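S.K.: Chains as they are written, first to last, in our numbering: chain A, 443 to 649; chain B, 443 to 649.
Treat the hints as calculated values from the structure; they're not laboratory data.
Model, not experiment: these values are computed from the prediction.
Hints should not be assumed to be uniformly reliable.
Any copy, or any two copies together, can satisfy a pair, since identical chains are not distinguished.
[What the hints assert, rightly or not] DSS-like mimics (lysine-lysine), calculated; alpha carbons at most 27 Å apart, straight line:
| # | residue 1 | residue 2 |
| --- | --- | --- |
| 1 | K593 | K603 |
| 2 | K454 | K470 |
| 3 | K648 | K470 |
| 4 | K603 | K444 |
| 5 | K444 | K593 |
| 6 | K593 | K648 |
There are 2 protein chains.
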Amino acid sequence: MKIYDVTVPISKDMVVYPGDPPITIQRKQTIGKNGAQCNLSRYSFGSHSGTHIDPPFHFIENGITVDKIPLELLLGRARVVEITAACIDEAALEEFDFTPDARVLFKTRNSYLWSQHKFVEDFVYITPGAARVLVNNGIKVVGIDYLSVEKFGAEEPETHKILLGAGTIIIEGLDLREVEPADYDMVCLPWNIKDGDGAPARDILKQ
Amino acid sequence: MKIYDVTVPISKDMVVYPGDPPITIQRKQTIGKNGAQCNLSRYSFGSHSGTHIDPPFHFIENGITVDKIPLELLLGRARVVEITAACIDEAALEEFDFTPDARVLFKTRNSYLWSQHKFVEDFVYITPGAARVLVNNGIKVVGIDYLSVEKFGAEEPETHKILLGAGTIIIEGLDLREVEPADYDMVCLPWNIKDGDGAPARDILKQ
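Isolated chain A (complex conformation) (with noise of 0.2 Å):
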């Protein structure tokens, strides 16, 4: 069995969503300084930072937090398609059949943004309709290949309040360089936050 990491690993230098709070990494103790005898640092970022879910009450005010979520959910068969158009629409995905799937991760151009230490707006998101496509056709979870779903600088947030208004989970600021498009067997845990709002997470993909 093969393990792929398609998670960012995070550092101080990471690219974040324009408005959020950066990443900061403190190192407090270090061994042999001031007496310390172990390394230990203090971490600071946004609930939105690198590889991150977004559980519905990030855009939906009765949606459940993070902590809610059913383990079930993020954990089990996972198919990741690629899309090579500049957006996901109803008309990019109308050669797949998601008739068995409930996750779904869309690989794109963007996981090559990952090499850039500057946010890119111009990267691959979800239409409001092919959001409602894949709603209807039942997906649980969706995962994305940076930093949000959204078209960046969308005036109203469509397709996070549909997929999440449906209660489907997202992933965004997933890595799927070295992922080929197939099924996999998945295992997403994010940090178990207490009623919150998003929260980083470990993504990988067996097979």
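Let chain A serve as the given structure and place chain B on it in line with the hints.
M.R.: Using the frame of chain A, we list chain B on its own:
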């Protein structure tokens, strides 16, 4: 299949190890306030908060960091062993044959300390002698159900150094209240922090 989440939920009220950075959770955006369309927060915490991983680098200068832990080590059969003694010493381990095991999680009265709102110094720890027994038995992952494997106030962090020095990964801060002593299929995924001396983890046991 039943899934046991043996992770402690993270909240600003949770207990941290004395001297560690506090946990702060700040809501930065709230739906409908100041024109915000979503809920978004900033989290800040020490690298050894809640349920977390100690990689060798925590106490060993040239040890591997948390992002370098082979995930295979943290995935697979794990044995939950119940210890009723006040510490885990060589005598407490005598009744067990660890020959077939690579991952051992100790369930002790510690698990019940999570219901207390103050740090308890008198927790069940692993003695250096017992740490040597575990290493000599080829145990690669050792878990415990409070915030340290080391006796509180120990002059030297011998237990940590014996385990981590042998490359054994430590999981601290488990909550094993709901779990019976038995073998489980474990999935423990730490947050992927570049060069991290520790990281929160989500740990589930399947049976």
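S.K.: Give a verdict on every hint.
M.R.: Each hint, compared with the structure:
no. : hint         : in the structure
1   : K593 to K603 : within (13 Å within a copy, 49 Å between copies)
2   : K454 to K470 : both (15 Å within a copy, 20 Å between copies)
3   : K648 to K470 : neither (36 Å within a copy, 36 Å between copies)
4   : K603 to K444 : neither (35 Å within a copy, 31 Å between copies)
5   : K444 to K593 : neither (33 Å within a copy, 39 Å between copies)
6   : K593 to K648 : neither (30 Å within a copy, 38 Å between copies)
Checked against the numbered hints given earlier, this structure breaks hints 3, 4, 5 and 6; the rest are met.
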